[in-house]
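Student: Here are the chains, one letter per residue:
Number of protein chains: 2
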Amino acid sequence: MNWTTYLEEHQTEYVRDLCEFLRIPSVSQVKTEVTKAAEWVAERLHKIGFEHVQVYETKGNSVVYGDWLHAPDKPTVILYAHYDVQPADPLDLWTTPPFEPTIRDGRIYARGSGDMKGNLLLQLIACEALLKTTGALPVNVKVVYEGEEEIGSPSLPEFIADHREMLQADCVLDSDTGIDLERPSILAGCRGAAELEIHVKSANRDVHAGLFGGAYPNAAQALSHILASLHNDEGKVLIPGFYNHVDDITDDIRPWVTATPEEEQAILRNGDVKSFVGEREFTPHERSRLRPALIIAGITSGYQGEGVKGIIPSEAHAKIQLRLVASQSPEESCRSVIDHVLQNTPAEVDVTVDVLPGAVRAYKAPMDHPLLKWNAEFLTSLTSKSPVYRFIGGTLPVTVVFQDGLGLCTASIGFGGENFHAPDEWMSLEHFQTGQSVWCQILESIRDLKV
Amino acid sequence: MNWTTYLEEHQTEYVRDLCEFLRIPSVSQVKTEVTKAAEWVAERLHKIGFEHVQVYETKGNSVVYGDWLHAPDKPTVILYAHYDVQPADPLDLWTTPPFEPTIRDGRIYARGSGDMKGNLLLQLIACEALLKTTGALPVNVKVVYEGEEEIGSPSLPEFIADHREMLQADCVLDSDTGIDLERPSILAGCRGAAELEIHVKSANRDVHAGLFGGAYPNAAQALSHILASLHNDEGKVLIPGFYNHVDDITDDIRPWVTATPEEEQAILRNGDVKSFVGEREFTPHERSRLRPALIIAGITSGYQGEGVKGIIPSEAHAKIQLRLVASQSPEESCRSVIDHVLQNTPAEVDVTVDVLPGAVRAYKAPMDHPLLKWNAEFLTSLTSKSPVYRFIGGTLPVTVVFQDGLGLCTASIGFGGENFHAPDEWMSLEHFQTGQSVWCQILESIRDLKV
Numbered sequence: 067m068n069w070t071t072y073l074e075e076h077q078t079e080y081v082r083d084l085c086e087f088l089r090i091p092s093v094s095q096v097k098t099e100v101t102k103a104a105e106w107v108a109e110r111l112h113k114i115g116f117e118h119v120q121v122y123e124t125k126g127n128s129v130v131y132g133d134w135l136h137a138p139d140k141p142t143v144i145l146y147a148h149y150d151v152q153p154a155d156p157l158d159l160w161t162t163p164p165f166e167p168t169i170r171d172g173r174i175y176a177r178g179s180g181d182m183k184g185n186l187l188l189q190l191i192a193c194e195a196l197l198k199t200t201g202a203l204p205v206n207v208k209v210v211y212e213g214e215e216e217i218g219s220p221s222l223p224e225f226i227a228d229h230r231e232m233l234q235a236d237c238v239l240d241s242d243t244g245i246d247l248e249r250p251s252i253l254a255g256c257r258g259a260a261e262l263e264i265h266v267k268s269a270n271r272d273v274h275a276g277l278f279g280g281a282y283p284n285a286a287q288a289l290s291h292i293l294a295s296l297h298n299d300e301g302k303v304l305i306p307g308f309y310n311h312v313d314d315i316t317d318d319i320r321p322w323v324t325a326t327p328e329e330e331q332a333i334l335r336n337g338d339v340k341s342f343v344g345e346r347e348f349t350p351h352e353r354s355r356l357r358p359a360l361i362i363a364g365i366t367s368g369y370q371g372e373g374v375k376g377i378i379p380s381e382a383h384a385k386i387q388l389r390l391v392a393s394q395s396p397e398e399s400c401r402s403v404i405d406h407v408l409q410n411t412p413a414e415v416d417v418t419v420d421v422l423p424g425a426v427r428a429y430k431a432p433m434d435h436p437l438l439k440w441n442a443e444f445l446t447s448l449t450s451k452s453p454v455y456r457f458i459g460g461t462l463p464v465t466v467v468f469q470d471g472l473g474l475c476t477a478s479i480g481f482g483g484e485n486f487h488a489p490d491e492w493m494s495l496e497h498f499q500t501g502q503s504v505w506c507q508i509l510e511s512i513r514d515l516k517v
Numbered sequence: 067m068n069w070t071t072y073l074e075e076h077q078t079e080y081v082r083d084l085c086e087f088l089r090i091p092s093v094s095q096v097k098t099e100v101t102k103a104a105e106w107v108a109e110r111l112h113k114i115g116f117e118h119v120q121v122y123e124t125k126g127n128s129v130v131y132g133d134w135l136h137a138p139d140k141p142t143v144i145l146y147a148h149y150d151v152q153p154a155d156p157l158d159l160w161t162t163p164p165f166e167p168t169i170r171d172g173r174i175y176a177r178g179s180g181d182m183k184g185n186l187l188l189q190l191i192a193c194e195a196l197l198k199t200t201g202a203l204p205v206n207v208k209v210v211y212e213g214e215e216e217i218g219s220p221s222l223p224e225f226i227a228d229h230r231e232m233l234q235a236d237c238v239l240d241s242d243t244g245i246d247l248e249r250p251s252i253l254a255g256c257r258g259a260a261e262l263e264i265h266v267k268s269a270n271r272d273v274h275a276g277l278f279g280g281a282y283p284n285a286a287q288a289l290s291h292i293l294a295s296l297h298n299d300e301g302k303v304l305i306p307g308f309y310n311h312v313d314d315i316t317d318d319i320r321p322w323v324t325a326t327p328e329e330e331q332a333i334l335r336n337g338d339v340k341s342f343v344g345e346r347e348f349t350p351h352e353r354s355r356l357r358p359a360l361i362i363a364g365i366t367s368g369y370q371g372e373g374v375k376g377i378i379p380s381e382a383h384a385k386i387q388l389r390l391v392a393s394q395s396p397e398e399s400c401r402s403v404i405d406h407v408l409q410n411t412p413a414e415v416d417v418t419v420d421v422l423p424g425a426v427r428a429y430k431a432p433m434d435h436p437l438l439k440w441n442a443e444f445l446t447s448l449t450s451k452s453p454v455y456r457f458i459g460g461t462l463p464v465t466v467v468f469q470d471g472l473g474l475c476t477a478s479i480g481f482g483g484e485n486f487h488a489p490d491e492w493m494s495l496e497h498f499q500t501g502q503s504v505w506c507q508i509l510e511s512i513r514d515l516k517v
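Note that the protein sequences, when read in sequence, are chains U and X.
So the first sequence is residues 67 to 517, counted in my numbering.
So the second sequence is residues 67 to 517, counted in my numbering.
It should be emphasised that the hints constitute simulated quantities derived from the structure, not laboratory data.
Hints are not guaranteed to be accurate.
Claimed, not checked - If you want the ones that stay clear, here's a sample from chain U, every Cβ over 12 Å from chain X, calculated: (1) LYS113; (2) THR124; (3) GLY172; (4) ASP318; (5) ILE319; (6) GLU397; (7) ASP405; (8) LEU408; (9) PRO432; (10) TRP440; (11) SER450; (12) SER511; (13) LYS516.
As the list claims (entries may be wrong) - From the structure, some residues in chain X lie toward chain U, with a derived Cβ separation under 7 Å: (14) HIS297; (15) PHE342; (16) THR366; (17) SER367; (18) GLY368; (19) GLY459; (20) THR461; (21) PHE486; (22) ALA488.
On a predicted model such as this, the values are computed, not experimentally measured, just so you know.
Just so you know, even glycine gets a beta-carbon here, dropped at the ideal spot from N, CA and C.
Based on the sequences and whatever the hints tell you, model everything.
Tutor: Quick look at the structure:
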């Protein structure tokens, strides 16, 4: 039996397996559930025939490793993926519960369907189909699956440093991304990320708004002034130095971040959004791919219940995410945010700004690397179209981690989905099925890679 | 036995009763618990010997009525109080749980101890002591206790309109206030209140901060700009018309809102507050008593959990409370806030502003009313000091409600406490005991009132 037939015969089973995997609410912050997902993956690796399968403890969530190394003289490929997912709130905006996978209109809806349990499973299914039908894999494979990608992979660098020998390889294949078979593309770079929390304190407790309102400092009011100082009315960041170390967008790169007016309109329509915001001198795609951004991801202060409670809040908190580009240093960027916040803090309150662990710099692909050449040829043969290079606005810490830790180049080939990090995340059943064959082809094609 | 001895003999029992009353978590918004508090009060009225005791249903929480009308040719006095309390959050800032009354250092700590279950009980204890020791009350008493004061007494006006005959009286005595026996005072006026909620919507769902950050509208960011437009850096309200219809502070009134530097410092020190904010041209006491204020009472947007979630929030909400003075109309003031918010709304988002029910105008006492004259004489005889008039920054809807609904003047005599509406609310045991005697004296003294 060839692997095409094998895959066809197992579709019902694989969709059921994916649903089982998606039912584990492995939100990065909930270690017990992430561990369950790790064990689910490890068991699957065993079942397929991988060796040295182990769930490695780290300071955070565990890393799952397994290998199949019986292809002498062939390249060794690291398959990377993650089994943790973003938190699912706000829950009331989900059509069906995030951890009860539901199939509607040819899509699997669940937190983690597209990002990226579906994509992780594609790699394993391809290995299984190849091993069951040919008795071997075309290349040596080392699987490195982690449980902290959604919080910036804080433990992965140390895991790699601690296991450099075990992880020697020729390249990394990552499927934490989408694919557009109509417009195949190769990752040219992605933004970095850093996270901060702003804490405002105006008094040692909330006080009665009637007794003191008009004279007493208000943490919510102070925080609003601080946050309003971060962007101008158009949405451009006002922090001195925030746009330092950003590369000019040159003519050779510009086509890689170009969107048609129809594509821009589709983004607006899809989100019921009135208009884009941000730096007027750049297109929306340039703003969200090649320019840094400061995103207010959450605010909380004072009374949160029904109606209005007559208090003056003594505390206010904001969660901030930075997206960084080119050679911007996360540390330097966080420092500029902190300096600006402190300089724009009203005199009547105390402010602290915490930098969260897990910051990661932006990634730029080594454009002349053989892996990228292979990637281009593979996509051309798969789609009969010449792939374009593209920058993405998201962050793939793994690309930087493998570059820094093992000197390896990463190719990203994933089958994506929609509503990543948002309610009603989904992956199409069609992509889930196509992806299995494509991963078999990837492993067969890459056997000739010479790094 | 005289009532002094009677009270002394029953102190242990009364403190126990107060604790029992405080254990009912009768937060205005939780109707079942407010009903329990109403029934507790009604049972107590029965036990003391009140007649026509009834828990009246309203559209909101119930009103408890009871009377004792066997003092012919004597005035009829309405005793007003409320048995609902403010919500207790943030719970983690309480030293002991808010609904487990705890005695420390001569204070009873619990939500509602000072505001105002302790003060309500003082009225009942005084009536009980007088009835048990003299067989009668010095005046006719009608008790009107409600369960919605902390949400602006929305049902009380209709209750009064529906029971005008039953509620005929000469005056109202309200104890929802504090007392300073060293500096006795008479209420000259209090601020009104109105509440609004601002809802910002930037998209139909949260989106991935990496994919879109820098180009996609952000509800939290838009709300911050809106909220920051409400006050200048000093804390003065920037809404056009917000200070309309505000009386000048004339020289005859100024002494009634004067605080010593020591008193101002004590407020700052008590709250660990760095400095006052607001209109520089007025003193802090003037700002919070004779000037209107706009208070941001709560903000919520985006991710609320641990760490930072990489999303662009699609919704943001703020709770606003206005405090109004003089002849300011709540409707007009709310209108000016709405107009300003809409005019300062970034183009990329949709905003709605809801005005909550229960707004109430400010109260000015009729300064030549016989009740105020009695009030002054009573305080003079009680404290051997001449009382001063004072304005308070809080809102006593009942004063307006009884003025509008029954044409009655209200005198406020309460024994207060500290941390109203805040964590670690308390009432001193000394005030709780003194208050019982004082309420006996009040009822004896007021028998000669001629309205």
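Student: Each of the hints needs a verdict: does it hold here or not?
Tutor: Checked hints:
no.: 1; hint: LYS113; verdict: holds, 33 Å
no.: 2; hint: THR124; verdict: holds, 17 Å
no.: 3; hint: GLY172; verdict: holds, 20 Å
no.: 4; hint: ASP318; verdict: holds, 22 Å
no.: 5; hint: ILE319; verdict: holds, 17 Å
no.: 6; hint: GLU397; verdict: holds, 17 Å
no.: 7; hint: ASP405; verdict: holds, 19 Å
no.: 8; hint: LEU408; verdict: holds, 15 Å
no.: 9; hint: PRO432; verdict: holds, 22 Å
no.: 10; hint: TRP440; verdict: holds, 26 Å
no.: 11; hint: SER450; verdict: holds, 28 Å
no.: 12; hint: SER511; verdict: holds, 29 Å
no.: 13; hint: LYS516; verdict: holds, 33 Å
no.: 14; hint: HIS297; verdict: holds, 6 Å
no.: 15; hint: PHE342; verdict: holds, 5 Å
no.: 16; hint: THR366; verdict: holds, 6 Å
no.: 17; hint: SER367; verdict: holds, 5 Å
no.: 18; hint: GLY368; verdict: holds, 4 Å
no.: 19; hint: GLY459; verdict: holds, 5 Å
no.: 20; hint: THR461; verdict: holds, 5 Å
no.: 21; hint: PHE486; verdict: holds, 5 Å
no.: 22; hint: ALA488; verdict: holds, 5 Å
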